[in-house]
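Chains A and B supply the protein sequences, listed in that same order. Numbering-wise (the working numbering), the first sequence opens with residue 2 and increments by one. Numbering-wise (the working numbering), the second sequence opens with residue 273 and increments by one.
No lab work stands behind these hints: they were computed from the structure. Predicted, not measured: the structure shown is a model, and the values here were computed from it. Yeah, the Cβ is synthetic: ideal placement off N, Cα and C, and Gly gets one too. Hints are not guaranteed to be accurate.
Said to hold, decoys possible - Rough simulated footprint, nothing fancy, chain B against chain A, three-plus residues with beta-carbon under 8 Å:
#, region
1, 118-130
2, 283-295
3, 305-313
4, 326-333
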Amino acid sequence: VQKSERNLIMSDAASRLRRLAALILKGFLLLATAISLVAVLLIIAYITRDALPFFKLRGLGEFFKSTAWYPSGNPPEFGALAIFFGTGLVTLGAILVAVPLGIAAAIALSDILPYRLRQTVKPVIEILAAIPSVAYGFFALVIFAPLLQNRGGSLLSMAAWLIALPLGLLIIFAVTEIAARSIREDMVKTVRLLLAVALTAILIRGLLALSAMLNSIPISSGTNALNVSVILGIMALPTIVSVAEDSLQAAGRELREGSYALGATRAETLFKVVIPAAGSGIIAAVILGVMRAVGETMVVWMASGNAAQIPNPWFNFLSPVRTMTATIAGDMGEADQVTGSSRYHVLFALALCLLLTSFIANLISEWILRRQQRKLGGSK
Amino acid sequence: MKIFYTFLIIALAAGFLGGADASKITVDGSTTVGPIAKAFAEFYMKQHPGVNITVSESGSGNGAKSLINGSCQVATMSRIMKQNEYEAAVHSEVLPISHVVALDGIAMIVHPSNPVKALTMEQIKSIYTGKIKNWNQLGGPNVSIVIISRDTNSGTYETFETRVLKGEKIVKNCEYVGSSGAIRQRVQSTQAALGYVGIGFIDNTIKALPVNDVSPSPETVKNGSYPIARPLYMYTNDYPKMGSDLYLFVNLYLTKKGQEIIEETGFIPVTNY
Numbered sequence: 002v003q004k005s006e007r008n009l010i011m012s013d014a015a016s017r018l019r020r021l022a023a024l025i026l027k028g029f030l031l032l033a034t035a036i037s038l039v040a041v042l043l044i045i046a047y048i049t050r051d052a053l054p055f056f057k058l059r060g061l062g063e064f065f066k067s068t069a070w071y072p073s074g075n076p077p078e079f080g081a082l083a084i085f086f087g088t089g090l091v092t093l094g095a096i097l098v099a100v101p102l103g104i105a106a107a108i109a110l111s112d113i114l115p116y117r118l119r120q121t122v123k124p125v126i127e128i129l130a131a132i133p134s135v136a137y138g139f140f141a142l143v144i145f146a147p148l149l150q151n152r153g154g155s156l157l158s159m160a161a162w163l164i165a166l167p168l169g170l171l172i173i174f175a176v177t178e179i180a181a182r183s184i185r186e187d188m189v190k191t192v193r194l195l196l197a198v199a200l201t202a203i204l205i206r207g208l209l210a211l212s213a214m215l216n217s218i219p220i221s222s223g224t225n226a227l228n229v230s231v232i233l234g235i236m237a238l239p240t241i242v243s244v245a246e247d248s249l250q251a252a253g254r255e256l257r258e259g260s261y262a263l264g265a266t267r268a269e270t271l272f273k274v275v276i277p278a279a280g281s282g283i284i285a286a287v288i289l290g291v292m293r294a295v296g297e298t299m300v301v302w303m304a305s306g307n308a309a310q311i312p313n314p315w316f317n318f319l320s321p322v323r324t325m326t327a328t329i330a331g332d333m334g335e336a337d338q339v340t341g342s343s344r345y346h347v348l349f350a351l352a353l354c355l356l357l358t359s360f361i362a363n364l365i366s367e368w369i370l371r372r373q374q375r376k377l378g379g380s381k
Numbered sequence: 273m274k275i276f277y278t279f280l281i282i283a284l285a286a287g288f289l290g291g292a293d294a295s296k297i298t299v300d301g302s303t304t305v306g307p308i309a310k311a312f313a314e315f316y317m318k319q320h321p322g323v324n325i326t327v328s329e330s331g332s333g334n335g336a337k338s339l340i341n342g343s344c345q346v347a348t349m350s351r352i353m354k355q356n357e358y359e360a361a362v363h364s365e366v367l368p369i370s371h372v373v374a375l376d377g378i379a380m381i382v383h384p385s386n387p388v389k390a391l392t393m394e395q396i397k398s399i400y401t402g403k404i405k406n407w408n409q410l411g412g413p414n415v416s417i418v419i420i421s422r423d424t425n426s427g428t429y430e431t432f433e434t435r436v437l438k439g440e441k442i443v444k445n446c447e448y449v450g451s452s453g454a455i456r457q458r459v460q461s462t463q464a465a466l467g468y469v470g471i472g473f474i475d476n477t478i479k480a481l482p483v484n485d486v487s488p489s490p491e492t493v494k495n496g497s498y499p500i501a502r503p504l505y506m507y508t509n510d511y512p513k514m515g516s517d518l519y520l521f522v523n524l525y526l527t528k529k530g531q532e533i534i535e536e537t538g539f540i541p542v543t544n545y
């Protein structure tokens, strides 16, 4: 009897010991959580510490305004404008590839394809994210670059057909539909047919001309902005598809059923109800995917050509470009940290710019996602 | 691609297992000299089972850094140490001693289908500084030249810069590639490309052009007639103690076997057995 009493009421010493143990454990868990936070703060602090001397040594003007990047020259020049531009161009290209494809795939997966198919397709898309970036880079350098050089023109015209034909037919369909409204009823069928045939003929003529023009474009070097844009776009796809599809799913069954109940068609439900509801999630998906492209190093170092120049004209995706990440990776070895030269600190200045970009983009996507959660939470 | 391509050669020899005091040599530096150092290490460890030699390739500049901060005993470099590196070394109480272990020539390479037969130093300089833009200015087809260079990180680049460009700046549309192997790969697959690699990288998948009417070869490098050539170095902190493993390792290039190894790796030995 006495024993059981002792077990029920803890002695002061044992109680203190327990509280101490709990405290230690809590502290340990807090520390474990804090480590990632501390690591981020330390990284920012150290990069800033090593970046500031560059601006002290060389000022701001040259770095942000000049395009002459000759870190090993005598005297050296550190104009990073072309490098910022290269990052921007490659990112734009990746967006053009990944965003339409990614969002279309997400919509198809969540609302159009049968459930069974979705269960097999989504994991396959997510496998893309597991391929190491050096494998992508190797593919870009050894297979895609020579392909662009040898068959670049026909690849471009094929891409033009693939994009423009369905898009053009869709537009023709819409145009004839609108035109039909303003015509007397007994003539609608013939006029619509004639209009559709005429417009399709114009479309095909135009496409033939365009593909002939694209076919004749010589691509002398396959390691260029186009190559990297396509590869980075593919690398960003799984992120965009996955996050966008999740947010489309999160819009909920009730919303869709409500819309159908009000008499909306499937297309109306999709475009006027589901996509607006998931809009901020889709934007967040795009930002996350784009950040993957901005931060990618290996692929751009291997396949972008690394020429520090602003292409002429600026949207010329067929010329080689240099990005911030590739510059940091490529110039690190010779940058002399022993004497603390500006050649060393300029890489940290680039890293700081990169860090700030991704920091801001992350904040924006976080803010958008949170807003969506609040919006959806409030409607329930 | 900057290959922080680290080769760790681990000696699992009987002497090591027997508890003999294994001596350890760490080699770091140039990707060009790396193959020589690796072949030397392999040979030396086979002969002296108690010795453990590690060879890393992280670029000449990194080799100098490692020697200065004491993280390696031998820095392999494809260029001579720079003044500021010597200064940093002296500050850290390190006295770099150079050993010229082999010679290397830098060959200008093009696609095998390229009809251009030869280049002059002046033409190479004009191409790389952007004054000549098209192969038809050199008697080739009417296509613009795809100019390829090693990254500014490499000793090969620095040799090219000092021997050929002589202080002028490379044209902005020049492409930069992270290793000599990658340059060869790009030239193999690009008809309009012009690149440069060490003589050891020449094979029949690309065409090496004569420069100033002299073909790149061991003989022309040695007799001084090939214009883009350089010595390859190993640096040690002070002269190694006579008879020590380090002494025998860095002087391997003076032996007959050392000469054979250097020839096998595609470079030009300084000895002539």
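Here is what the structure says about each hint:
no.: 1; hint: 118-130; in the structure: violated (count 0)
no.: 2; hint: 283-295; in the structure: violated (count 0)
no.: 3; hint: 305-313; in the structure: holds (count 5)
no.: 4; hint: 326-333; in the structure: holds (count 4)
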